[in-house]
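Enquirer: One letter stands for each residue in the lines below.
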Amino acid sequence: MKYLPLIWAGLWRKRARTVLTLLCVVVAFALFGLLHGFSAALDGIIGQMSETRLRSMSRVNITQPLPLAHRARIQTVPGVEEVSYYNFFAGYYQDRSNSVQVGAIDVASFNVVYPDIQMEPQYVDAMLHTRNGALVGEDLAAERGWKIGDRIPLGSAVWTRKDGAEAWDFEIVGSYRSPSGKVPTSELWINYDYFDEARAAANGTVTLYFVKIHDSNRSAEIAEQIDALFANSTSETQTQSEKDWVRAQIAQIGNIGFFVNAIIAAVMFALLFVTGNTMVQSVRERIPELAVLKTYGFGNVAVMGLVLAESVVLCSVAAALGIGIAAVISPPIYRELGAGGLNLPLSVVAMGLGLAVVFAVVSASLPALRAQRLSIVDALAGR
Amino acid sequence: MFKQIASVTAMNLRSLPQRIGSSSVIVVGIAGVVAVILSVFGLTRSLSDAVLATGSPDRAIVLRAGATGEFSSTLLVDAVATIKDAPGIARAADGTPAATSNFVAAVNLFRKEDGARAGLAVRGVDPAVSAVRPEMTIVSGRLFTPGLRELIVGRSALEEFRSVGIGDEVVLRDGPWTVVGVFESGRDATESSLMTDAATLLSAYQRTAVNSVTVRLASKGAFEELKMALTTNPTLSVSVERETDFYRRESQDANQIFGLVGIAVGVFMGLGAIFAALNTMYSAVSVRTREIATLRAIGFGAGGVIVSVLAEALLLALIGAAVGGSIAWLLFNGNSVALGDSTGSIVFQMQVTPALLLLGVLLACSVGLIGGLLPALRAARLPVAAALRAV
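Note that the protein sequences, when read in sequence, are chains A and B. Remember, our numbering sits 92 above the position in the first sequence when you count from 1. Remember, our numbering sits 7 above the position in the second sequence when you count from 1.
No lab work stands behind these hints: they were computed from the structure. Bear in mind the structure is a predicted one, so any value in this text is a computation, not a measurement. It is possible that some hints are incorrect.
Said to hold, decoys possible - Straight-line C-alpha distance at most 30 Å; calculated DSS-like pairs for lysine-lysine: (1) A:K386 <-> A:K335; (2) A:K335 <-> B:K234; (3) A:K254 <-> B:K234; (4) B:K119 <-> A:K254.
To be verified - Partial list, derived from the structure: chain B residues whose beta carbon lies under 8 Å from chain A: (5) P64; (6) D65; (7) S79; (8) L83; (9) F117; (10) R124; (11) G172; (12) G174; (13) V178; (14) L179; (15) R180; (16) D181; (17) T185; (18) V187; (19) N286; (20) Q356.
We put the CB at the ideal spot given by N, CA and C, even for glycine.
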């Protein structure tokens with residue numbers, strides 16, 4: 093601790109250089125936090141997905157609807173607790189480019205399948221008694237300023253009405269929250285029965301089934317049994333636990349991991365180069381000063397330690413700032429990408445700080461060795 | 008004056024090898040930025056190029072009025088017949104219109120590269136498709152036979168997906184369909200699909216409506232005539248768009264997320280590179296303090312000193328741009344990339360084009376100039392007497 097002023101003085105010897113190096117490292121770690129944080133956040137989403145909930149959809153493709161009659165048959169599979177269903181609505185508000193996530197659900201069974209979702213009993217009741225009722229998610233309500241009692245006219249990019257009307261009128265009768273943050277609350281939920289009766293095509297079908305099971309250890313076995321029920325029919329299913337399903341969805345986008353890692357590697361390499369160079373220059377300029385320190389009785393190791401410590405202080409302060417920036421701007425970006433409620437994972441913060449120390453030591457190791465080997469007489473003579 | 012500038016600059020550049028360590032910081036920094044930005048922009052540009060290449064100004068696409076894309080559009084069979092009869096459509100000698108309906112479904116398949124299950128579009132078209140899309144050619148096997156469960160596969164889809172080669176069976180809604188041919192179409196988005204007869208596919212999916220109708224225009228000018236005829240027809244409720252305009256919109260949608268990521272990463276990396284360049288040039292000036300003071304003392308002007316520092320920064324930036332550009336080109340040029348979601352994928356070749364490389368050079372030059380300017384001004388303002396005594 094008593095060396096701190098010395099380290100401080102060493103760092104501020106060339107103010108401009110230290111500040112610029114600091115800013116370089118800040119930028120590098122802000123990028124690290126953003127990019128690595130993004131993939132870590134995706135892993136986080138997968139990690140908190142349920143394994144006691146399965147999703148069953150058409151084996152051919154999710155755009156292919158499944159008959160509603162599947163529900164009763166899925167319910168016969170041993171270990172299945174409740175089956176609920178969902179139909180995409182592809183909604184938009186006022187303008188086609190202003191899309192709103194809307195799902196047609198059966199509110200009674202949905203409540204059983206999704207215990208993580210909290211809806212007040214009176215809202216469930218209102219939904220059951222209002223045919224064109226809708227439940228608004230907390231996030232969606234905040235985003236659009238919609239509240240209970242509002243009438244919302246929505247269009248659908250896919251579904252037309254039997255009566256030929258363009259707009260679907262919904263009345264918001266309640267809201268839902270996800271106290272655990274595990275379920276996004278950015279959707280509007282409408283009554284499947286009302287929707288199915290009113291739509292002009294594909295009546296009596298659903299986009300997917302949610303299946304709640306008792307025992308997460310049996311999820312693979314139960315999924316196979318469900319798929320076996322419909323094998324060789326015109327509506328074969330593919331059933332997966334929610335966790336596997338989300339993992340597959342993310343894998344589908346393409347190989348993002350490679351790009352992210354390549355960018356991080358490029359940034360880190362450039363960073364190592366910049367800090368390494370700063371330390372080399374700073375030590376070269378200070379050789380006579382270091383020799384004076386040694387003359388006063390500082391040991392070889394102590395001088396080496398001083399050089400290393402300067403680098404560690406610089407890098408960790410900068411890394412903390414950079415990751416701080418990433419932590420502040422990450423949550424809104426996650427929200428934009430459809431993963432609201434997530435923060436920059438702590439593991440990324442820890443990893444970043446650890447990396448900073450490693451970088452500091454690696455980039456300062458050559459100059460530190462030089463400082464350690466310094467011969468007092470040669471250095472003072474300027475040889 | 009110019010002679011002065013030239014001689015100071017030349018002297019400065021000749022001494023560069025002595026400062027190789029700190030000079031390489033600027034090179035590495037800028038090489039990193041250029042490589043990353045060219046890769047991200049190369050990805051987004053190649054993606055939109057592949058989508059744009061699908062559209063031709065000779066063709067028009069007809070969707071249900073108000074639909075934003077093929078998936079949200081439906082046209083009933085009698086509407087399709089009316090559309091095909093409209094004026095302005097190219098016709099064969101026997102009067103057959105160069106028009107095809109499109110019914111788009113999707114099937115889950117496994118990608119070769121990472122084994123991920125991803126959607127691939129299955130496009131049902133009419134036999135007249137060869138008149139509408141003359142750029143489409145069968146490169147091996149044969150065309151599908153209407154009425155049979157047969158598919159042809161696009162070259163890009165074949166390269167990226169498992170089990171879609173000739174003779175392979177793909178399970179659609181009503182059972183297995185056999186792949187009988189491979190087609191190419193100039194690496195456009197159509198190549199990332201399976202194709203078959205629309206009527207056969209419709210009956211397999213028990214549907215009666217297609218998604219869109221694509222027509223080849225009798226002449227480029229015939230578009231207005233066609234649009235007028237279709238949009239004023241009271242039995243139809245459709246929108247008519249030139250295919251080039253339609254795919255321009257599609258490519259904008261496709262690029263939204265990647266464009267955003269690219270800009271964010273680019274801004275951060277650009278800032279970092281500017282800091283690195285400033286650092287390098289400040290230390291270059293500081294190492295040469297006495298040299299610069301000597302020059303000023305014997306009568307060289309401030310202009311020459313400023314230009315010499317800027318020239319050094321620019322030269323280093325250009326070397327960085329060359330290194331970064333080469334890295335991006337070697338790593339990514341010609342790579343085949345597959346992006347997708349459940350409703351379809353697009354496979355495209357990543358191109359690091361000369362235009363992109365030029366962008367990299369411009370970017371590097373601006374970073375070099377910004378990074379060189381402040382240090383150059385400092386060099387010019389050095390108090391001569393004090394600087395001469397500097398250690």
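Enquirer: Hint by hint, note whether the structure agrees.
Expert: Hints, verified against the model:
1. A:K386 <-> A:K335: 61 Å, violated
2. A:K335 <-> B:K234: Violated, at about 48 Å.
3. A:K254 <-> B:K234: The hint holds at about 28 Å.
4. B:K119 <-> A:K254: Status violated; Cα separation ~43 Å.
5. P64: 25 Å, violated
6. D65: 27 Å, violated
7. S79: 4 Å, holds
8. L83: 11 Å, violated
9. F117: 11 Å, violated
10. R124: It holds, given that the least Cβ distance between B:R124 and chain A is near 6 Å, below 8 Å.
11. G172: 20 Å, violated
12. G174: Violated. Min distance 21 Å.
13. V178: Hint holds; B:V178 Cβ to chain A Cβ min 7 Å, cut 8 Å.
14. L179: Check passed: Cβ of B:L179 comes within 6 Å of chain A, closer than 8 Å.
15. R180: 5 Å, holds
16. D181: 6 Å, holds
17. T185: With Cβ-Cβ at 16 Å, over 8 Å, it is violated.
18. V187: Since chain A brings no Cβ nearer than about 20 Å to B:V187, farther than 8 Å, the hint is violated.
19. N286: Holds - the Cβ of B:N286 comes within 8 Å of chain A, reaching about 4 Å at its closest.
20. Q356: 14 Å, violated
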